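Participant: For chain P, the structure is supplied; the task is to place chain C on it using the hints.
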Amino acid sequence: MKDMTQSLLDTEDEVMLRDAARGFLADASPVSALRANRDAGRGHDPALWADMVQMGWTGVLVPEGAGGADMGHRAAGILAEEMGRVLAASPYISTAVIAASILRQAGPDARGMLQAIAEGQATYSVALDEGPKFAPAATAMQATRQGNAFRLSGAKAFVADGRSAGRVLVLARTSGAAGETAGLTLFDIDATRAGLDRAPLSTIDSRDHARLVFDGVVANGDDIVGDLDNGLAALRPGLEAGQAALAAELTGLASAAAAITLDYLKERKQFDRTIGSFQALQHRAAHLWSEIEVTSSAIANAGRVLDHTPADASIAVSLAKARAAQTAKLAVSEAVQMHGGIGMTDAYDIGFFMKRARVGAEWLGDYGYHAAVIAASRGI
Amino acid sequence: MSDAPQDMHAFRAEISGWISANCPASLMGRPMDETAIVWGGRKWTFTDDNQRLWLERAVGRGLTAPRWPVDYGGAGLSRAQEKIYREEMERLGAPPPLESFGLWMLGPALLEFGNDAQKAAHLPKITRGAIRWCQGYSEPGAGSDLANVQTRAEDMGDHWLVNGQKIWTSYADQADWIFALVRTDRDAAKHKGISFLLMDMDTPGITTRPIRLISGKSPFCETFFDNVKVPKANLVGELNRGWDIAKYLLTHEREMIGGGARGLLGGRSVGQIIASQDGDVLADPVLRAEAMQAEVDALAFGLTMERYKDQAEAGRGVGNASAMLKYYGTELNKRRYELLMAAAGSDGLEWDGAHGGLAPEWLRTKANSIEGGTSEVMLDIIAKRVLEMPSQ
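Top to bottom, those sequences are chains P and C.
Mapping of the first sequence onto the working numbering: residues 745 to 1124, in sequence order.
Mapping of the second sequence onto the working numbering: residues 30 to 421, in sequence order.
The shape of chain P in the complex, shown without the other chains (with noise of 0.2 Å):
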């Protein structure tokens, strides 16, 4: 699975490119900022987004040749934890990692929109799931053939940044039955197309999240991204490199809300002592730093191997994914309970990492899907 000439640690570049998001993000992006959005009503900020592109970060997947700075999936990993520990709100992950991943193996008609993401004039929905977990072969959204075009007609359940983004990177079946992996095809499509409908949803993480409903969309034959009725092949690298990105994103979530809750550890005071001084709540403190530092490895092992070995990918994917999902769980379920009753109050922070976390865990996902991969590839 890992490549033994890989080192799991963070490269020289990599430790500076940490370090400067991680100072961008504090100031420009602090737990405060996703309150505001939410008191505000939006799914995210449109100025950090702004800031991002600037910073080259929109352009982390996209090659150098389509205006990107190609730093990798690591690097893509090492922003979306920065981004996780402030749980900065963006459509960085449906845009630059996974829309990037798919346009870059799709050919050179993509460089356009490639280029475009870097440049931060494209942003990317990615609409697959139609039930409440993730299955993109239960697909069942038609793709009607129509002449030399199709309509799309049927609605995709809960899309990320699907009231936001300008375009929209959708599944759709356009032979077999639902269930089957061959049949579906990828189409790339303009958000604001005639029949296209995106009802936002009002989510506990106070993010963008849409139901789209589609009421025979017009899509022609340029608007495939890989071959027709083999989209899951196209959809592949980017769902990939996302699961990667998000499992980022949640350990970087974990790990602040253990390090906030550290803090007050050794700060909270009852019994006249410190309440960090008890063993009890050492010993919860530490076994969870334990999993967060098991879960990081699989994390740097996912974006060397999407790096080095993309196609052996599949197991560190969701390695990855599946820890980082369960070691978000626990932390935030722990933060909450070491906290007390203030870790129940809307006015401090940590309840907002716990929302976040669960949404994390179900999207592109959840445990029981990635556990199964490893599984099947071991035997069980």
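What the hints contain is simulated information worked out from the structure, not anything from laboratory work.
If you're wondering where the values come from, they're calculated on a predicted model, not measured in any experiment.
Cβ atoms here follow ideal geometry from the backbone N, Cα and C, with glycine treated the same way.
Keep in mind that the hints are not guaranteed to be accurate.
[Stated by the list, open to error] From chain P, some residues computed to sit far from chain C (all C-beta separations above 10 Å): (1) M760; (2) F768; (3) A777; (4) D795; (5) G864; (6) S946; (7) V957; (8) G965; (9) S1034; (10) L1074; (11) D1090; (12) G1095; (13) A1119.
[As the list claims (entries may be wrong)] Simulated restraints, written as ranges between beta carbons of each label pair: (14) P:R766 / C:S247: 48 to 58 Å; (15) C:D32 / P:D763: 19 to 29 Å; (16) C:G382 / P:D757: 41 to 51 Å; (17) P:S1121 / C:D381: 28 to 38 Å; (18) P:R1012 / C:A218: 25 to 35 Å.
Facilitator: Coordinates of chain C only, in the frame set by chain P:
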């Protein structure tokens, strides 16, 4: 040869060829049960002549101690080369030619703290498997509180006089020499009055008594010291600074025991083992889910071992974080053996049935999270040293 990628590639090809040419075929891919381990020492008799042959050849190449200096019988490999050597050994299914506390513990301690005479006297005998060492740390009153050791060594001018008792001394009854923590200053604070002493187990006054464990086996002993005369030259490092050596070795030991979580099952997944025995038990959704979870955690833990090794290679010590490896690895290993027992069902309940060996191994794993510092002590270390949590 440097650590440049092309040289590493050449080294891999070369060492792989050497292993294939020198490790007897009958040993390749053999399950790593107790009979597969060669401990060496004065009392050792080979049950398999191929094991003797493999040891001799490995000794000739310095590969019983790949990273030790050539002068002391090692192969002088870099960390990266050693890693490749171990990967190739695992890939080819070649067993370690020799295992011992001398290789794992005393050698690293002598290389770090010993004087030239001590290194020259002891290291070559360790690499050749000529002398088998045991570790005299724990005492009846010094378990988790190891610095409370009471076995004392009195300075009698031309020798040390040792009196006291050790417990949980692994294979003391089969060992030739012991490295022990002894109290040399009873008035100093408990960490400050301990020294690190080497003793020949044949010295008059040393006796051992095996302890029968729940597994039915007796890998541990009580070791008694009754007016044992020990040469002054056998003290390692500085007088009363033995705790430094002990801490150094405990860190080492923790990494090793934690690493055993992968090694014990020979790198195979719990799922592969279960499926190879009786795949039908995986139809039990609870057992299957637990096996999946254990697999996820085992893979992530394996990568953590790799990451920490990468960190050590980069010259940045892992330090107190090694407590995490020990804690996580041993708890994981216990989970895995619980699963194997559940998968074996009643077949796993006999001492010597179809799954003979599984029950004693399962019982043995229960000590993983006790020996070398309990899981609770590991969590204390993480909380206090890594997370810097307050004491009051």
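Participant: If a hint holds in the structure, say so; if it doesn't, say that too.
Facilitator: We went through each hint and held it up to the structure:
1. M760: Non-interface label on M760 of chain P holds, nearest chain C Cβ at 16 Å vs cutoff 10 Å.
2. F768: holds, 26 Å
3. A777: For A777 of chain P, whose nearest Cβ neighbour in chain C is about 28 Å away, the distance exceeds 10 Å, so it holds.
4. D795: holds, 32 Å
5. G864: holds, 35 Å
6. S946: Its Cβ never comes within 10 Å of chain C, the nearest being 33 Å, so this holds.
7. V957: holds, 36 Å
8. G965: About 42 Å separates G965 of chain P from the closest Cβ of chain C, which puts it past 10 Å; holds.
9. S1034: violated, 5 Å
10. L1074: The assertion about L1074 of chain P holds, with a minimum of 12 Å to chain C.
11. D1090: holds, 28 Å
12. G1095: At roughly 23 Å from the nearest Cβ of chain C, G1095 of chain P sits farther out than 10 Å, so the non-interface label holds.
13. A1119: violated, 4 Å
14. P:R766 / C:S247: 48 to 58 Å: Since the Cβ atoms of R766 of chain P and S247 of chain C sit about 54 Å apart, the hinted range of 48 to 58 Å holds.
15. C:D32 / P:D763: 19 to 29 Å: For D32 of chain C and D763 of chain P the Cβ distance comes to about 27 Å; the hint holds.
16. C:G382 / P:D757: 41 to 51 Å: Given a distance of about 57 Å, which is not inside 41 to 51 Å, the answer is violated.
17. P:S1121 / C:D381: 28 to 38 Å: Holds: the Cβ-Cβ distance is about 34 Å, inside 28 to 38 Å.
18. P:R1012 / C:A218: 25 to 35 Å: Holds, since R1012 of chain P and A218 of chain C (Cβ atoms, about 32 Å apart) stay within the stated range.
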